[in-house]
Amino acid sequence: MKLITAIIRPHTLEEVRGPLQSIGVSGLTVTEVKGYGRQQGHTELYRGAEYRVSFVPKIKLEIALDDALLDQVVEAISGAARTGAFGDGKLFIQDLDQVFRIRTGESGASAL
Amino acid sequence: MKLITAIIRPHTLEEVRGPLQSIGVSGLTVTEVKGYGRQQGHTELYRGAEYRVSFVPKIKLEIALDDALLDQVVEAISGAARTGAFGDGKLFIQDLDQVFRIRTGESGASAL
Amino acid sequence: MKLITAIIRPHTLEEVRGPLQSIGVSGLTVTEVKGYGRQQGHTELYRGAEYRVSFVPKIKLEIALDDALLDQVVEAISGAARTGAFGDGKLFIQDLDQVFRIRTGESGASAL
Amino acid sequence: MSNLPIELSYALDTFYFLICAVLVMWMGAGFAMLEAGLVRSKNTVEILNKNALLYGIACIAYLLVGYNIMYPADPVSGIIPGLDFLLGADNSTDAVVAGGDDAPYYSSMADFIFQAVFAAATMSIVSGAVAERMRLWPFLIFAVFMVSFIYPLEGYWKWGGGFLDELGFLDFAGSVVVHMAGAAAALAAVILVGPRKGKYGSHGEVRAIPGANLPMATLGMFILWMGWFGFNGGSELKIANVEEANAVAKIFVNTNAAAAAGMVVAALFARALFGKTDLTMTINGALAGLVAITAEPLLPDAGTASLIGAVGGLVVVISVLTLDKLKLDDPVGAISVHGAAGIWGIFAVLISNPDATFMAQLIGTSVTFAWMFIASFIVLLIIKAVMGLRVSEEEEMEGMDVHECGMEAYPEFTSGK
Amino acid sequence: MSNLPIELSYALDTFYFLICAVLVMWMGAGFAMLEAGLVRSKNTVEILNKNALLYGIACIAYLLVGYNIMYPADPVSGIIPGLDFLLGADNSTDAVVAGGDDAPYYSSMADFIFQAVFAAATMSIVSGAVAERMRLWPFLIFAVFMVSFIYPLEGYWKWGGGFLDELGFLDFAGSVVVHMAGAAAALAAVILVGPRKGKYGSHGEVRAIPGANLPMATLGMFILWMGWFGFNGGSELKIANVEEANAVAKIFVNTNAAAAAGMVVAALFARALFGKTDLTMTINGALAGLVAITAEPLLPDAGTASLIGAVGGLVVVISVLTLDKLKLDDPVGAISVHGAAGIWGIFAVLISNPDATFMAQLIGTSVTFAWMFIASFIVLLIIKAVMGLRVSEEEEMEGMDVHECGMEAYPEFTSGK
Amino acid sequence: MSNLPIELSYALDTFYFLICAVLVMWMGAGFAMLEAGLVRSKNTVEILNKNALLYGIACIAYLLVGYNIMYPADPVSGIIPGLDFLLGADNSTDAVVAGGDDAPYYSSMADFIFQAVFAAATMSIVSGAVAERMRLWPFLIFAVFMVSFIYPLEGYWKWGGGFLDELGFLDFAGSVVVHMAGAAAALAAVILVGPRKGKYGSHGEVRAIPGANLPMATLGMFILWMGWFGFNGGSELKIANVEEANAVAKIFVNTNAAAAAGMVVAALFARALFGKTDLTMTINGALAGLVAITAEPLLPDAGTASLIGAVGGLVVVISVLTLDKLKLDDPVGAISVHGAAGIWGIFAVLISNPDATFMAQLIGTSVTFAWMFIASFIVLLIIKAVMGLRVSEEEEMEGMDVHECGMEAYPEFTSGK
Ligand SMILES: Nc1ncnc2c1ncn2[C@@H]1O[C@H](COP(=O)(O)OP(=O)(O)O)[C@@H](O)[C@H]1O
Ligand SMILES: Nc1ncnc2c1ncn2[C@@H]1O[C@H](COP(=O)(O)OP(=O)(O)O)[C@@H](O)[C@H]1O
Ligand SMILES: Nc1ncnc2c1ncn2[C@@H]1O[C@H](COP(=O)(O)OP(=O)(O)O)[C@@H](O)[C@H]1O
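Chains as they are written, first to last, in UniProt numbering: chain A, 1 to 112; chain B, 1 to 112; chain C, 1 to 112; chain D, 1 to 417; chain E, 1 to 417; chain F, 1 to 417.
Bound-form chain A, shown alone:
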């Protein structure tokens, strides 16, 4: 099993959801985060003093899934979240040793 962590633009969340559901991703977790990469924030102004808001608001998706779905999901997220401008985000893939569903106690792929 894999854990995909995707950092995307907040307003693309809705576009990403649909494709994921059609692929068969059965759940996901969303966190509001801030970050920077090539996209380097912007300045705001307060009483004449400029200040950099260096971290841009992003949405982090965490999706635990079966290895079989990995490529499709990478594809789907990349496709839906791409605008082509700096700030589109990143995907990180990690191994997942084990998963449990708290409600039933199931573990492994059937718990996803």
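Any given hint might turn out to be false.
Claimed, not checked - Interface residues of chain F toward chain C, partial, derived using beta-carbon atoms under 8 Å:
hint	residue
1	Glu393
2	Met397
3	Gly406
What the hints assert, rightly or not - To give an idea of the interface, some chain F residues facing chain C are shown, with a C-beta separation under 10 Å as derived from the structure:
hint	residue
4	Gly275
5	Asp401
6	Val402
7	Met407
Claimed, not checked - Lysine-lysine pairs mimicking DSS-like chemistry, simulated, CA-CA at most 25 Å apart:
hint	chain 1	residue 1	chain 2	residue 2
8	B	Lys2	C	Lys34
9	D	Lys197	D	Lys384
10	D	Lys238	E	Lys199
11	D	Lys199	C	Lys34
12	E	Lys197	A	Lys34
13	B	Lys34	A	Lys34
14	E	Lys327	B	Lys34
15	F	Lys238	F	Lys384
16	D	Lys384	D	Lys199
17	D	Lys199	D	Lys327
18	E	Lys327	E	Lys199
19	B	Lys2	A	Lys2
20	F	Lys197	C	Lys34
Hints are computed from structural coordinates only; laboratory data are not their basis. Beta carbons are placed, not taken as given, at the ideal position from N, Cα and C, and that holds for glycine.
Chain A is fixed; fit chains B, C, D, E and F with the ligands onto it per the hints.
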């Protein structure tokens, strides 16, 4: 060392804490997240227009721990967080290569 | 590639950023979290009733990086975030299987 | 032309009354902000709905029947008023300029609206005490009964000229008739709905449930303070001669002094007790000072008024802590502010008013409390039987806003708590 | 000395006017809070800036020229007023004490400020309807034209003694002259700027875009309600004798009753429709009740006033839903509250005022609507051509606050939405 | 009966005074909201506590001794007033109807409360400037001295008939006597407590520390604006004849015009400087316009008043930027709004009042500034020696709310910043 990521119902956080402390978990990190799994959100209403709040508020716990504690902790969280209804949450287990305590510079299991 | 997760004091974020950028860390993601370790929260008071705010606000940094930078980054964060008191935080290191840059589709180290 | 001065006097008294009514109406916003600030974010829309709608319902119910019960044209006895609906015609110019002791000196419409906003204020007291668990519409149905009958009846006993008035019970602007009365109804409701889930631990410990928006609560205090100038100042009922103008001015000074002293003393007391300056006690202290001086804001000098307010500030802190010991859960401190400080206020009349007697104050307070508590209890019990008073455990956990109002107060900020 | 009563009468009327003006000025805060509460957090600083600056601009523009257009010293015809600038001298004591039907009975400065705050209120209506997408300075430039010419001209037609007044069109405090007029301008603006991105789905579905701070919106309602006592009460223009004092008092009672009924009925209606008690409808219902009674707050008895307000509450709920069906995106419901309820109010005059005729009301409403809509449309079209009206798509997505004002409303709380 | 007109006149003037006092009291809420909106969330409970408690303390201290120092029955000299406590009896009806130039024409109780709320306003100015780092109780102890002695003494020099008054120094409602005086004390405090940690970088750069709740700050502005009608309008001290009624009305018009112009000009100026429309400058501009017109709101025509306000709007923006260059950290801009615009206002008297002389204005301003600054500095120095003024670095980092008040303002929303 392992990293357990638990997604649980917000109000079970207090129930989960006690058992973890008695087992000897020395620290944990909490994040407010939203997500969906089998539990599929609910509708709200605003000026007559219904809208799905598709992501349900959850709490994410991250716990770095010694392999020896793993089973006990999985047990403890599952027990305290289970209500039996959709939405109880998930546990994800990952390998942890290394840990450092910033204050002292210690690393490995003694830094947990 | 590695994923470093650092839990630090909120006000050290600004001190940490500079060194990271000089090392050549090209991006990072910040989440507001709460947690406890050796530092055990504090009490607040509301209408005469004391209550423990057991989770202390922290900042979580996630940095995906090339293995080559690992030691330097661990060093840099530890140095900038250390005050020597309980609550300075932790660093967790995990393996990262794969990274994709959404904008360009690049993968691997060049996507960092 | 020669009647111009009398007409002017009538106009000035009417205008003064109307402005005071606006100030008391504004207290509705004060209660709304206070309560919205002191509940958790997940119950905020609901408490706002309650505060807005109770004001509307109170105005309608009092117009329809409450006002006539409280001030009957033709009372049956000192205990039983008459029954009448809506409003009659206003005073004619002839009646006004005729002069004499009975000549009307201000518009009866102005009188009505001033009285109506008092009725709404009484009801507002209840909403805070049962916040975060009593369902919206059962509460509003209770408001209909409260403002139509329960409150007007005891109002009649004192201000309508009923038996408490004849007895010599003295309550200038309503420490008991309005504030303690509201608190007594609130107490009945609090007992019936029970405490919020999680408020009291299984080992008897009191758990803090902090309010979500303290600036809003502080704004509520300032609004109430401002409105109280109308509440007490308007209760003099006349301003249009030297003596009356002096009286109204003195009431303003005393009202302000009592609030200031209540606030500062409560803050100091809380600091001494807790080691911290508890803002919610600062707020409650000011309100307790206001409630305490309400029974007699005219006769004491400003120094004495300050002392009366100061004691109110002590009383409210003690009462808040005591109610929690008794497991009576009152999220905003309404029973302490309006009940405990109201009782202190009614006996403080003895300090400055030589006409006041301990017995009359005691009887007046006891009768009012008994009536308000019992009548409210019975009506609430009936509502409980018919439709229930309290939200389900799940609704309480997830918040009343989503379940009762389908909406969040701060949809972009609220966390998953 | 023998003139003292006349002087007092003048002073009382002036004071009453000034206090009413302060209450209406305060409505500016009400609009600001209402709108700041009902937009998303990312557009909050901008709407606050709009509300503050439009008030300032309205006061200046109305002082410079608007007031003279609306109340010309020397009108050209029933359609065309004169053109004049700034203010003249106030009434002399001699003119006042001379007496007679034409003698001034209150300060013309007080008259000016009372009228000025009405002009500002008219403009405030527009800001809510175009919230979250119309740029700040184009809006403020439109405000200059609106308050200098567009509104004063139609104001002249009715209140300045122009042709609508001669026709027998009756609008006591401005259900149409102020409220529907503002709504008509708002409608023109809404059509020109289009709906917010994401408000209407590609399959015609209506998407909710919840406001970020409901307590603030509720405070706005209470402020507006309070201010309305000045709005309607001051429109009686005189209080200093028995008859006038009674009239003002009755207006207070009726205004309050209509608001209360509108609120409760809208809440009940929304609950019946949606199964939940929608706080935004509670708020809009109260405001609709107020708008509805504004055309004739004096003649109906309090029961009838309640009914007029109640129907206003129904109208506003239906109108909000209908406008969304028509894809007219009005984030705060301004067009429904001020337009739909305003039209209901103007025809409700027929219920209690025997002098009102259906035709006069219809013509007055139609002419006002046509003028306000068309003139606004043209001016906005020109502004659009010169500098654009709407923010770019990127700005809209990221929020107007950062782009137009360089600042966030809640920098410590706002999430990445 | 023949005395009725005189009595009515007394009653009307008293009522007018009381209403103005309520409006000024309400400014306390305005300061509280303004400051609570412009600090970070972690210091919000503390600033609310400060604003509430300073109002209470000011009312008590001014009642006890401050009022008698400012308006001594029996002054020792033009510099030294007498010492007296609490309040005397009010005017008798006989004294009023006796007539003559010395006859009292309004309640002395009304006078007291009007003066008391001015004292509280002066103190409110300080709290904003030292927000986020000066400890609560040292601040409140300073408030005791400030309102008991420091402010009343300079108040005596001008309004109590002391030497500045005899000198021909003209300050109608307190551009200098209240506003600049408060700013001078604030300046002393700001110098003594130093800037907030992180406000100024090691290379001299100015770092923005955005306020947490801009809608609240905007509400504060509207409240202050509303209250200012009472502040300036009440300072005419009489309304009950044609001339005085006209004067009060003109003051209302001018006060409003100056605020409007100050706001719009500051917003435009900020936009020109920064490229964005800075809402905090919009707010400060309105307040600066109000402060600027306060020294002479009666004599200028409305156009001139607008210009005076407009220049105030420019002054405040420049002052805010300049103070930051001087590393004088004033989180809400209090020194700029009340000090810089106050000084402009006092010299703007020369424009419209032929009795004003440059020298008298200069001396009055300098003396007031020197006294307020030095006396405040010394008292603060003593408090600093005894108990310290500033929170510890750790407390500042973690926020004063938890450390001083044991509570968070927005416990459910605040992030870990
Ligand atoms: N090396 C990294 N480690 C962790 N998070 C990163 C990293 N690089 C980028 N991010 C996250 O991804 C978000 C988007 O990055 P972005 O600016 O789009 O980079 P690029 O345009 O180069 O792909 C950032 O705001 C940050 O949250
Ligand atoms: N595959 C997944 N990947 C990531 N997070 C998930 C996944 N499935 C569920 N979650 C998280 O767990 C939470 C609870 O899931 P839940 O609805 O209880 O699923 P189930 O009832 O099937 O166990 C979700 O809100 C989501 O945050
Ligand atoms: N075992 C752990 N697992 C997950 N997070 C932890 C763990 N230990 C500590 N943390 C996180 O690190 C933060 C700082 O821990 P801290 O109190 O500094 O521990 P120590 O002082 O022992 O290093 C905590 O608030 C928590 O968020």
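Pairwise hint evaluation, Lys34(C) against Lys2(B), where the allowed Cα distance is 25 Å at most: holds (20 Å)
Agreement of Lys238(D) and Lys199(E) with the hint, judged by alpha carbon distance not exceeding 25 Å: violated (55 Å)
Restraint check for Lys199(D) with Lys327(D), where alpha carbons must lie at most 25 Å apart: Cα-Cα ~9 Å, so holds.
Distance restraint between Lys2(B) and Lys2(A), which requires alpha-carbon spacing of 25 Å or less: holds (15 Å)
Interface restraint verdict for Gly406(F) against chain C (beta-carbon cut-off 8 Å): holds (3 Å)
Satisfaction of hint between Lys34(C) and Lys197(F), Cα-Cα up to 25 Å: Cα-Cα ~24 Å, so holds.
Hint check: 10 Å Cβ-Cβ cutoff, Gly275(F) to chain C: violated (26 Å)
Restraint status (C-alpha distance of Lys238(F) to Lys384(F) at most 25 Å): Roughly 43 Å between the alpha carbons, so the hint for Lys238(F) and Lys384(F) is violated.
25 Å Cα cutoff - pair Lys384(D), Lys199(D): Distance of about 22 Å is within 25 Å: holds.
Restraint status (C-alpha distance of Lys197(E) to Lys34(A) at most 25 Å): Given pair Lys197(E), Lys34(A) holds - Cα atoms ~24 Å apart, limit 25 Å.
Agreement of hint Glu393(F) with chain C interface, Cβ distance less than 8 Å: violated (11 Å)
Given hint Met407(F) near chain C, where the shortest CB pair must fall under 10 Å: holds (6 Å)
Going down the numbered hints, you'll see the structure goes against 1, 4, 10, 14 and 15, while the others check out.
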